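Student: If you want the building blocks of each chain, they are given just below.
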Amino acid sequence: AQKITQTQPGMFVQEKEAVTLDCTYDTSDPSYGLFWYKQPSSGEMIFLIYQGSYDQQNATEGRYSLNFQKARKSANLVISASQLGDSAMYFCAMREVDNAGNMLTFGGGTRLMVKP
Amino acid sequence: DVKVTQSSRYLVKRTGEKVFLECVQDMDHENMFWYRQDPGLGLRLIYFSYDVKMKEKGDIPEGYSVSREKKERFSLILESASTNQTSMYLCASSLPTGFFSPLHFGNGTRLTVT
Numbered sequence: 001a002q003k004i005t006q007t008q009p010g011m012f013v014q015e016k017e018a019v020t021l022d023c024t025y026d027t028s029d030p031s032y033g034l035f036w037y038k039q040p041s042s043g044e045m046i047f048l049i050y051q052g053s054y055d056q057q058n059a060t061e062g063r064y065s066l067n068f069q070k071a072r073k074s075a076n077l078v079i080s081a082s083q084l085g086d087s088a089m090y091f092c093a094m095r096e097v098d099n100a101g102n103m104l105t106f107g108g109g110t111r112l113m114v115k116p
Numbered sequence: 001d002v003k004v005t006q007s008s009r010y011l012v013k014r015t016g017e018k019v020f021l022e023c024v025q026d027m028d029h030e031n032m033f034w035y036r037q038d039p040g041l042g043l044r045l046i047y048f049s050y051d052v053k054m055k056e057k058g059d060i061p062e063g064y065s066v067s068r069e070k071k072e073r074f075s076l077i078l079e080s081a082s083t084n085q086t087s088m089y090l091c092a093s094s095l096p097t098g099f100f101s102p103l104h105f106g107n108g109t110r111l112t113v114t
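Residue numbers (the numbering used here), protein chains in the order written: chain D, 1 to 116; chain S, 1 to 114.
A portion of the hints provided could be inaccurate.
[Said to hold, decoys possible] Dumping the calculated EDC-like pairs for lysine to aspartate or glutamate here, alpha-carbon to alpha-carbon at most 20 Å:
| id | chain 1 | residue 1 | chain 2 | residue 2 |
| --- | --- | --- | --- | --- |
| 1 | D | K16 | D | E61 |
| 2 | D | K3 | S | E72 |
| 3 | S | K3 | D | E96 |
| 4 | S | K57 | D | E96 |
[To be verified] Not close to chain D: a few residues of chain S, all C-beta gaps over 10 Å, as computed:
| id | residue |
| --- | --- |
| 5 | E17 |
| 6 | E69 |
| 7 | I77 |
| 8 | S94 |
| 9 | S101 |
[What the hints assert, rightly or not] A short list of chain D residues far from chain S (calculated; beta carbon distances all over 10 Å):
| id | residue |
| --- | --- |
| 10 | S42 |
| 11 | N58 |
| 12 | V78 |
Rather than coming from a laboratory, the hints here were simulated on the basis of the structure.
Predicted model, so just to flag it, every value in this text is computed and none were measured.
Each residue gets a CB set at the ideal place from its N, CA and C atoms; glycine is no exception.
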């Protein structure tokens, strides 16, 4: 079974509008961490935001916020006031406690395109 | 700032060739990783290493090997390249512990096997 599922292969959003990128995850570990990365066309992977499973509040970093719904096992990324530079691939990823190497498991990604 | 450097941005090799992808990080990170990225599949872990000379298989190790002789360098080896190994390869490093320990990635190597 997929551990991280991103159901939107591609999305359009109008500049200055907010957009939500979906991510659902599957784990039986009580402790885990969730990450979002951005990959522009240049190829670099840029870390955006992190949410721990025991964090009481939803994470926020500037225009990025994470809508964490633990019971539903979802960790959606919300980008407010979209900018043209937000056009990129976005990946959701998870780290589980039973993970000797500290690796991340990634979803298939969502391509976001911001329209002027 | 952590810097992870991959030696080649683009690489074209022939079927059957032995291919080396090199990765160097400058932050003294214990953990290093090799992922491959394919459209619709996201990033899949090939191998990782949590110490010098230590290596562990990831989800898709077949057809690959790795070498970590020094802490800062982690090499991915394709013993006999095949066309189904045409892909984007991403190297990453991180600190060894803690949930909040993001992976720091290199810019990737786009490998084409003809």
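Student: All hints, please: hold or fail.
Tutor: Quick rundown of the hints versus the structure:
no., hint, verdict
1, D:K16 with D:E61, "17 Å, holds"
2, D:K3 with S:E72, "30 Å, violated"
3, S:K3 with D:E96, "25 Å, violated"
4, S:K57 with D:E96, "17 Å, holds"
5, E17, "23 Å, holds"
6, E69, "18 Å, holds"
7, I77, "19 Å, holds"
8, S94, "6 Å, violated"
9, S101, "6 Å, violated"
10, S42, "7 Å, violated"
11, N58, "15 Å, holds"
12, V78, "19 Å, holds"
Consistency note: the structure conflicts with the earlier hints numbered 2, 3, 8, 9, 10.
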